[in-house]
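Visitor: Here the protein sequences come in this chain order: A and B.
Numbering follows the numbering used here, with no gaps: position 273 of the first sequence is 273.
Numbering follows the numbering used here, with no gaps: position 51 of the second sequence is 51.
What you were told as hints is all true, and nothing was included just to trick you.
Covered stretches of chain B, going by a simulated chain A footprint (3 or more residues, C-beta under 8 Å):
1. 42 to 52
2. 77 to 85
3. 101 to 111
I should point out that these hints are in silico values taken from the structure, not numbers from a laboratory.
Beta carbons are placed, not taken as given, at the ideal position from N, Cα and C, and that holds for glycine.
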Amino acid sequence: MQRTKPILVLAVCATVSACDERPQSLIICHNANCAHETNPFADDTLASLTDSLELTYLGRTTMDGVELDTIWDRQGARCLFGHDFAHIFDPAETGMQAAELVAAHLRKPTDFVSWGGNRFFVKIELKREVTALNDPHTEEERLAHLACAYDMVDVLRAAAADASRELEIMFESEDVELVRGLPRHPRWPGKDPDDRTRLRLIAQVQSTELVLTDLTSLTTNDDDDGIDILSFHTSRLPDGLQQSFYALDASLMLWMLDASLESLYAMGTYHPEYVITGEAQLFRRWEEF
Amino acid sequence: MRVAWRGAWIVAAVITVTAATGRAEPARAEASDRAVSVGGVLRTDLGTELYRISGGMRFGRLAVNVVVDPSGMHARKKQIDTDVFVEWERCRGGWAAMFGWRIGSVPVLGERYYHQKPFIGVSAPLPALFWGHVRTRFGGELALTVVKHGHGLPTIPFWDEHVFGAQSNGFNFGLFLRVELAKGF
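The whole structure should be built from the sequences, with the hints applied where relevant.
Guide: The following block contains the structure:
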């Protein structure tokens, strides 16, 4: 009788640990800043990007990829690297400078350019405003902003080719029409321009511009122009949207400002393919625990 | 910091109102065999909006209630959750068993995706406020999305969603507080 107790305890432990399967989402560094605390003054700067790319865990690069925010600056007619007009440094940093930093990272002589090894993910966000007063793009500015994104893509693809890296580049904007404009741009190379590169389009889960025909591209890989991924936040809205899209088998991306219990719950419940977080180190340790 | 101070003020206001006007007796409406009520529901989870409007009638130990979501109805592109449920008190003024049905209407890809959710739960009375005119109930509920359906969207029954897995998408557990102005008749 005495010997059955340890066996029972072991059986319970085995059962509990067997249920504790950590999700394995790809971890993307939010606003190019996962080396320091979330702070719009520090987010989307070349300094924070440099520090974030150097983060390691167990001898490997912590992140799977990085998010770079770009703003089209009407006043200077230039493509900036930054989170919003209230937090632009002087001299301003450009989207191309950010892309070149990531390109240099891809060229490093290492087997682990990302946690996964040879594959790196870059998410380029196209901010919808072009002034501090939140004015939207004109048609000319929209084309220029998209051209800037393609310039960044060219730099990243060249580095990936030089170092034989696999590269996935994703585009997102709060303005879904800005994202939909990418495949209509003359420089659109297609979603699979070569063997090692993949391009994907992202919309926010609550975007009102999404329509029924987007369901095909959200749930399969065979629509060349459609939205591929939906991003969602866990605590801003009731959870019907993420429940719906998870049930529809859409590809999901969880984003957050701070790690919370809701973030971990959402990872376990909705199994997002990507997690955008400023706390990459924390999530990597949690995933690998 | 400002949000934290606002939260502290709200908590302080609730404690003050509860201490000043609360009493450990049933609400006045409980003295009547029948009563009507209207008020609000606050939730702890994101199964629905955090604040909704409730109304209902009680006939002896049985109450029929409706909860609507004014914020969702106001904004066409938001999720709307509407509940109809009954509460059966084991004894007058005591805890009650709940059974109800929630229809969630979620804006998906330009259409409405309907989530049909039966739910069960329990609720219990808290001290009445404002000298017995306002009654409060606290409770918990478990809802299961049995089917999702909508125009142009796939119909997905719960057995296609592996809802009984360790981490399920189909169940919602929530705690709630109902604060209602009640009147007997």
